[in-house]
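Protein chains in written order, with the numbering used here: chain A, 2 to 264; chain B, 42 to 522.
No wet-lab data here; the hints were simulated from the structure. Nothing here was measured: the structure is a model prediction, and the numbers come from that model. Please note that a few of the clues may not be correct.
To be verified - Here chain B is said to cover these stretches of chain A; the calculated rule only asks that three of the stretch's residues, wherever they fall, bring their Cβ under 8 Å from a Cβ of chain B:
(1) 56 to 66
(2) 129 to 137
(3) 228 to 239
For glycine and all other residues, C-beta sits at the position ideal for the given N, C-alpha and C.
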Amino acid sequence: MGCRLAMSLSALALSSVWRAHELARSDAAGLDTGHAALNAVLPGGGWPQAGLSELLQPCPGCGEWGLLGPALARLGAYSRVTVLVAAPYVPFGPALSAARLAPSNLLRVQAASAAERLWAAEQALRCADVACVLLWLEQVQSAQLRRLHLAALEHGKPFFVLRPERAQHESSPAPLRLLLSWQNPQDGQDPQDGQEGQSGAVPPLWVRVLKRRGPPLEARLPLLAVSPGLQALLAASRAQARRRRRAVPLELVHAVDRAASLV
Amino acid sequence: MLWIALQAWSEDAQPVPELSQALAWQALALTPRVALARDAALMEVSASLRLFGGLRGLLLRLHSNTHDLVQPGRLHAAPGPTSPVALGRLRLAQPWKAVARLPASDLPLAVLDAACPHLDALERLGCRLWGDLRRLPRDGLARRLGAALLDALDQAWGDRAETQHWLQLPEVFEDRLELAFGVEHSTGLLFALQRLLQRLKAWLLARSLGVLGVRLVWQMDARRGVDREGELLLRLGEPTQDMAHIARLAAEHLARVQLPAPAQWLSLHSLETAALDGQSRSLLPDEQRRGESLGQLVERLGARLGPARVLHWQAHASHVPERMQQWRAWSAGELARDALIPTRSQRRKGPSRAGIPPSPPGGGQGWGPATVAGLGATALSPSFAQAGPDRDALLPTWLLQPPLRLSMRADRPCYDGPLALLVGPQRLEVSGWAPVAQTAAEDFVMRDYFIARSPQAGLLWIYRERLPASQAAWFLHGIFA
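Input sequences plus hints: build the corresponding full structure.
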């Protein structure tokens with residue numbers, strides 16, 4: 002009987018019903034994240050098209066552009082505006098435009114208090130010309146986030162909230178929560194040593210899926226969150242340093258020392 | 042001839058004569074022959090019936106035009122072959138169907154303007170209806186009650202031509218409202234403002250205009266020995282007929298206004314208007330825009346947070362990283378919406394910095410591109426040259442302004458622990474033609490840039506000032522996020 006019920010459920014393929022051991026299906030395909038490894042573990046194969054997603058970082062400026070950049074570039078393709086509320090630093094336009102993210106489509110809102118930030122984000126979500134809203138927050142109540150989540154759902158916009166790492170133990174209405182880090186605490190060693198090739202030269206951004214519509218995921222995903230040009234530069238620089246180390250094995254010249262000798 | 046008299050009613054079924062003018066402005070969209078009566082608006086529609094699909098179509102159009110001025114079901118109208126009959130039927134305060142076929146001779150005398158001064162005398166004569174009065178001998182009536190009453194009767198029956206002052210739209214909107222009681226808090230003005238905005242919208246609709254700026258003036262109690270007037274100017278980035286948006290903006294500004302004395306009058310003037318572009322409608326019903334426009338969003342954010350905190354990006358030709366861009370306040374007047382959103386032709390150029398405007402002539406720095414030793418030109422490290430032509434991809438996505446001075450530990454810069462230098466140095470030197478005495482110290486830039494790695498914070502963009510060794514210092518300038 003139970004087996005038949007399960008079969009009929011799967012035959013129905015209700016999009017709004019998901020069983021805990023499999024990824025949720027969604028009617029609308031997700032927004033391509035630009036990272037294949039991340040697409041594979043997200044329901045719908047990408048960022049949610051509408052609603053709140055939470056990114057937790059140990060410090061502000063931890064891989065958010067590399068992670069969100071490809072999706073934001075795609076969203077901004079129709080000259081719709083991405084609103085940054087209370088960004089921690091100044092977005093650097095030339096680098097963003099090199100990542101195909103038109104900086105002229107960014108609207109930067111400086112808001113000091115949490116109430117102002119929440120208000121500004123809600124106003125931005127209600128605007129028809131806005132494609133996406135990014136909000137940096139420290140302390141927030143779950144009810145306030147839920148209100149913004151509902152506004153994002155109603156107006157069909159992806160909405161990303163960037164919060165500090167310690168917020169991972171608080172409850173959140175976000176259906177998707179990711180923890181970003183440049184460090185992988187599972188292997189305590191510095192990944193710079195002992196690895197070969199280009200992937201060793203570029204520190205990966207470790208992404209842990211804290212919460213998703215699907216089974217829990219313990220593994221951390223290493224993503225290459227820097228631009229291809231920078232990857233090539235880092236790899237070339239590493240190869241050069243290794244050649245120099247082989248040529249002059251005794252004299253270990255550090256970059257700082259070389260610069261000091263130039264002055 | 043077909044006359045229609047219009048009146049707006051309040052929720053407790055009382056006529057609201059103040060709305061007659063706004064109603065009349067709306068009626069001008071349907072016929073050019075509109076006049077104002079004491080308590081109602083009058084429109085003569087015989088020439089417009091065919092255009093709007095008969096009387097029924099015309100009334101439907103009238104209701105849809107006035108639906109945000111008058112609540113549904115509160116617009117009362119009555120027809121008549123002449124304007125006194127239409128007015129008289131309207132003043133009976135009965136539904137259209139009940140009065141539409143009521144003959145003029147059965148109307149009570151109380152609803153005829155010309156008969157109002159003589160109601161007592163007519164009552165003693167035994168006249169209650171218009172028909173009773175018409176059956177009286179004309180010369181005796183004219184001798185006792187005046188010729189004006191006879192003229193009014195003749196006009197009602199159509200025996201005599203009517204003279205009307207046809208309504209014309211004013212060039213500038215100006216309206217004032219007496220507040221029912223002294224308003225002591227500025228937010229209390231909002232309720233009265235809503236009513237003025239309703240009339241402004243009727244005027245804008247009739248003229249097919251959008252408003253670009255309004256002036257709100259409140260007059261205060263003169264006895265308090267303070268300024269008699271206070272005013273609020275609202276400027277909008279694009280012409281609009283959206284009164285809700287203006288009301289929200291006014292609410293943000295009024296929340297910061299202190300009224301020194303109770304306000305007694307409120308008036309609204311239109312400062313500037315512009316023709317309103319039509320809005321193209323979508324063939325598909327679900328493609329309709331939901332939500333407000335970007336201009337409205339920016340104005341609302343600026344009204345509460347301050348215009349200097351809502352910023353948009355502008356490229357700037359310079360080799361110094363912090364001068365490559367400017368985040369400018371979005372101001373409604375000088376910047377069209379197109380400047381924020383690139384047009385289709387601009388977008389086709391791709392996201393490169395092809396469309397950089399030249400540096401402003403009064404920029405105050407006195408640099409031209411020719412005087413600058415470029416970022417790539419003096420790159421010392423060969424690995425920068427290997428990275429390909431697109432040097433912008435090697436710049437960090439976050440910039441720290443001002444740069445953060447790093448602490449030193451054992452000759453190594455530290456930021457969340459000691460930093461490992463991966464790439465560099467990349468030398469940046471900027472100097473100019475201006476004499477040394479006239480340029481500020483920050484105009485000379487001599488830096489060696491490095492890409493460093495912090496275990497916690499990832500890839501960082503740091504530089505060292507090229508100064509004598511005692512003053513050398515390391516700064517964090519960007520984060521590759």
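Verification of the hints:
no.	hint	in the structure
1	56 to 66	holds (count 7)
2	129 to 137	holds (count 3)
3	228 to 239	holds (count 10)
Consistency note: the structure conflicts with none of the earlier hints.
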